[in-house]
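Asker: Position chain B relative to chain A; hints supplied.
Sequence lines, in order, name chains A and B.
Under the UniProt record's numbering, the first residue of the first sequence carries the number 1, and numbering increases by one thereafter.
Under the UniProt record's numbering, the first residue of the second sequence carries the number 1, and numbering increases by one thereafter.
One or more hints might be untrue.
Which copy? The list can't say, so a pair holds if one copy fits it or any two copies do.
[Unchecked claim] Pairs of lysine-lysine, DSBU-like flavour, derived with a Cα cap of 35 Å:
hint	residue 1	residue 2
1	Lys181	Lys304
2	Lys141	Lys161
3	Lys295	Lys181
4	Lys141	Lys181
5	Lys181	Lys161
6	Lys295	Lys107
No lab work stands behind these hints: they were computed from the structure.
Note that this is a predicted model, so its numbers are computed, not measured.
2 protein chains.
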Amino acid sequence: MDYSTNDSKSTSKKKVVAVVGGGLVGALNACYFAKRGFQVEVFESREDIRQAKIVKGRSINLALSHRGRQALKQVGMEDTIVSKGIPMHSRMIHSLNGTQSPIPYGKKGQYILSVDRANLNKELLSAAETYSNTKLNFAHKLLNWSTETGAMTFLRADGAKEEIQADLIVGCDGAFSAIRKQFLRQSRFNFSQTYIPHGYLELTMPPINGEFAMKPNYLHIWPRNTFMMIALPNLDKTFTCTLFMPFDEFENVTTGDQVIEFFQKYFPDAIPLIGADALKRDYFCLPAQAMVSVKCSPYHLSDKCVLMGDAAHAVVPFYGQGMNAGFEDCLVFNEIMDQLNEDFSAVLPEYTRVRVPDDHAIADLAMYNYVEMRSHVNSKWFLFRKYVDNFLHIIMPRTIIPLYTMASFFVIHLTPIYSTFNMILSLYYCEGF
Amino acid sequence: MDYSTNDSKSTSKKKVVAVVGGGLVGALNACYFAKRGFQVEVFESREDIRQAKIVKGRSINLALSHRGRQALKQVGMEDTIVSKGIPMHSRMIHSLNGTQSPIPYGKKGQYILSVDRANLNKELLSAAETYSNTKLNFAHKLLNWSTETGAMTFLRADGAKEEIQADLIVGCDGAFSAIRKQFLRQSRFNFSQTYIPHGYLELTMPPINGEFAMKPNYLHIWPRNTFMMIALPNLDKTFTCTLFMPFDEFENVTTGDQVIEFFQKYFPDAIPLIGADALKRDYFCLPAQAMVSVKCSPYHLSDKCVLMGDAAHAVVPFYGQGMNAGFEDCLVFNEIMDQLNEDFSAVLPEYTRVRVPDDHAIADLAMYNYVEMRSHVNSKWFLFRKYVDNFLHIIMPRTIIPLYTMASFFVIHLTPIYSTFNMILSLYYCEGF
Numbered sequence: 001m002d003y004s005t006n007d008s009k010s011t012s013k014k015k016v017v018a019v020v021g022g023g024l025v026g027a028l029n030a031c032y033f034a035k036r037g038f039q040v041e042v043f044e045s046r047e048d049i050r051q052a053k054i055v056k057g058r059s060i061n062l063a064l065s066h067r068g069r070q071a072l073k074q075v076g077m078e079d080t081i082v083s084k085g086i087p088m089h090s091r092m093i094h095s096l097n098g099t100q101s102p103i104p105y106g107k108k109g110q111y112i113l114s115v116d117r118a119n120l121n122k123e124l125l126s127a128a129e130t131y132s133n134t135k136l137n138f139a140h141k142l143l144n145w146s147t148e149t150g151a152m153t154f155l156r157a158d159g160a161k162e163e164i165q166a167d168l169i170v171g172c173d174g175a176f177s178a179i180r181k182q183f184l185r186q187s188r189f190n191f192s193q194t195y196i197p198h199g200y201l202e203l204t205m206p207p208i209n210g211e212f213a214m215k216p217n218y219l220h221i222w223p224r225n226t227f228m229m230i231a232l233p234n235l236d237k238t239f240t241c242t243l244f245m246p247f248d249e250f251e252n253v254t255t256g257d258q259v260i261e262f263f264q265k266y267f268p269d270a271i272p273l274i275g276a277d278a279l280k281r282d283y284f285c286l287p288a289q290a291m292v293s294v295k296c297s298p299y300h301l302s303d304k305c306v307l308m309g310d311a312a313h314a315v316v317p318f319y320g321q322g323m324n325a326g327f328e329d330c331l332v333f334n335e336i337m338d339q340l341n342e343d344f345s346a347v348l349p350e351y352t353r354v355r356v357p358d359d360h361a362i363a364d365l366a367m368y369n370y371v372e373m374r375s376h377v378n379s380k381w382f383l384f385r386k387y388v389d390n391f392l393h394i395i396m397p398r399t400i401i402p403l404y405t406m407a408s409f410f411v412i413h414l415t416p417i418y419s420t421f422n423m424i425l426s427l428y429y430c431e432g433f
Numbered sequence: 001m002d003y004s005t006n007d008s009k010s011t012s013k014k015k016v017v018a019v020v021g022g023g024l025v026g027a028l029n030a031c032y033f034a035k036r037g038f039q040v041e042v043f044e045s046r047e048d049i050r051q052a053k054i055v056k057g058r059s060i061n062l063a064l065s066h067r068g069r070q071a072l073k074q075v076g077m078e079d080t081i082v083s084k085g086i087p088m089h090s091r092m093i094h095s096l097n098g099t100q101s102p103i104p105y106g107k108k109g110q111y112i113l114s115v116d117r118a119n120l121n122k123e124l125l126s127a128a129e130t131y132s133n134t135k136l137n138f139a140h141k142l143l144n145w146s147t148e149t150g151a152m153t154f155l156r157a158d159g160a161k162e163e164i165q166a167d168l169i170v171g172c173d174g175a176f177s178a179i180r181k182q183f184l185r186q187s188r189f190n191f192s193q194t195y196i197p198h199g200y201l202e203l204t205m206p207p208i209n210g211e212f213a214m215k216p217n218y219l220h221i222w223p224r225n226t227f228m229m230i231a232l233p234n235l236d237k238t239f240t241c242t243l244f245m246p247f248d249e250f251e252n253v254t255t256g257d258q259v260i261e262f263f264q265k266y267f268p269d270a271i272p273l274i275g276a277d278a279l280k281r282d283y284f285c286l287p288a289q290a291m292v293s294v295k296c297s298p299y300h301l302s303d304k305c306v307l308m309g310d311a312a313h314a315v316v317p318f319y320g321q322g323m324n325a326g327f328e329d330c331l332v333f334n335e336i337m338d339q340l341n342e343d344f345s346a347v348l349p350e351y352t353r354v355r356v357p358d359d360h361a362i363a364d365l366a367m368y369n370y371v372e373m374r375s376h377v378n379s380k381w382f383l384f385r386k387y388v389d390n391f392l393h394i395i396m397p398r399t400i401i402p403l404y405t406m407a408s409f410f411v412i413h414l415t416p417i418y419s420t421f422n423m424i425l426s427l428y429y430c431e432g433f
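Excised from the complex, chain A in its bound form (with noise of 0.2 Å):
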């Protein structure tokens, strides 16, 4: 392939980078390649989002914090995405008689943001595509591809097959990765992925006379023990209502009246805000979707591939971190890049001694925090340790730091708190969202 000068801050490399995937992680870690001047070749299955009509199953906004926005500011993309989110400083819970209660997520000022992913997707692969030194592949499905060689093989949509021969293979390609199949058959490659009984089902509460129908700058919480549900304001004034809850009680509802009767019981206040109707079309638009968390070990193969993401390790929602962590993938592996003068043969195992014990805790945290939440929030002894905590945190700011804060606004290695405190304190200390 023929590369002409580019932008970047070398052009005197020709080392190809394949990014396997142009989802969220894919379309950062483009940028970060190409602004080291790599020839990046970016490969999406799917069609180019950004003329796609409608994209179906997954969560429709997302939370970011400081992990993920220290990794957009590296290419200079956080103001422009943090422009279009909106602040969420605090929790609001919703209790079943309707009364609502704030949890702030830190000190006034901290702040996580709730963000759109199809706008983030595409903003990333804009961003990417700004590099001269970068193409982005679309409706290019992996065939094989060799870990000795770099050779891979791609079939197009207009059924041609095309090759290419990379220096590096970023596996981006999120939880079902077909990059990291390859992984499995490998000697001594730990693997494990692991379901939830809970699914989740998405729903939009429009806006009320062109405004917000709740408060927007929480993030709405309506904790009923084995369920729950969240909320997330959009820039359209909607909100994206999201209800978690057991495969099982998902299959016990299967008429419009189930829905509203169901409703009515644990969350009355969010009926007349969703609108019963729309409430009893909607809630059957999509099956429950299943969530998983896989972790692995280690995230490359050779010198010449490398898991980034939920490729290499997909969390339950519940700390809200799982981008974040995937963004950070990519500072992390880009600064070990700086420390190692970007041999890969280095680098690759380093970012797995790195990145592996970090990623783990985010995932452990996330799957203690899908416990807590559900019970927890709802409770006054919770409300109490907040307060307790975050009145600690504001007198005694670098001693104190609740876990929640720590990892969503400071950019740390969670590990040496996590073993430190240990699994006790973690489930003292997990709340996510």
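Answerer: Just chain B, lined up with the frame of chain A:
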């Protein structure tokens, strides 16, 4: 395929059960299904072990305990196998200075058996073949199969393809199961494979003057903290010694002299018994083998496919219960077949429901014991605890049962005990081998 009348309790059934894998669990399972009157087809990718010269890369002998014996008993194989096993009534702990201290497995009269893997496999295959409704197909490699239709395609050694229509596919094809791969593609299949940092290597300790070089009715253990060696007796009056050690440390020993130096430091009493020259040579015969722990759930897919043995739950060998748990799978499945009148659509989910928690408990116990065995067996505190445990068990046999005794000598559902006493007690009580 044509089946003549057979010697099983029913000849009217013509349902075809395809057992994939002709190892220990596959061969035993063939007996169980044949006894029920199914048309049994066993497919093994390797040659017939009864004709093969040397079987490499698997452990030479195994510890058969009560669970395994119960499963053999049901198909009339217990006595045959026990008669070719060597009872081990105690562990024999070898300290650095050469002193040996026995630690009994249970009360007087309780013992586990050292059995030869290859012989056990041969006996079970021959037993399966005595049923006229059983066919053993060797050198048949599974190419593809469908859980919808039960259609299976195999590649024969002569290059021809063979098709078969199964009513039930039983995956007994080991830790790296081909059958299990299709489970991975299904929604909500939980799976993990975990390699431990240790590898193992087998050495032979020959007879001295036609007699065992050490006391035969013991499982000999040399616990050395980060690593250890064990030795089990064979019928030919040899011992098979197995050295467990981190791969890193295996890599540090690269010459014959280093082997001797290493043994002089840690296992001085074993050098004259194995023989210095043999040790120098045999240590490098095969590379150290990896050990993997595999867990998954569910064990079944639709009403056509089920996993048993290592395909469902490979465990690390430190609890001595891998084969025994696999044999017990056959027994438990058989009991459920009785209870639910061989209705696969009911039997398979019930098998998953009953069996997964027990197998996971055994896998966890084996992993804890991996840590326990290398260190605690060595300490005076452990010896004292064993003494107290066994003493209490003798005076209160129905009230106090050491966990290892329980796992080895009683066919029990381990999970309730496991979850009641919980992880801390499990750590306390795990003392396999």
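Asker: Taking the hints in turn, state whether each one holds.
Answerer: So, going through the hints one by one against the coordinates:
1. Lys181 - Lys304: both (15 Å within a copy, 25 Å between copies)
2. Lys141 - Lys161: both (9 Å within a copy, 30 Å between copies)
3. Lys295 - Lys181: both (13 Å within a copy, 18 Å between copies)
4. Lys141 - Lys181: Result: close both inside a copy and across copies, 15 Å intra and 21 Å inter.
5. Lys181 - Lys161: Both: 21 Å inside a chain and 27 Å across chains, each within 35 Å.
6. Lys295 - Lys107: within (32 Å within a copy, 43 Å between copies)
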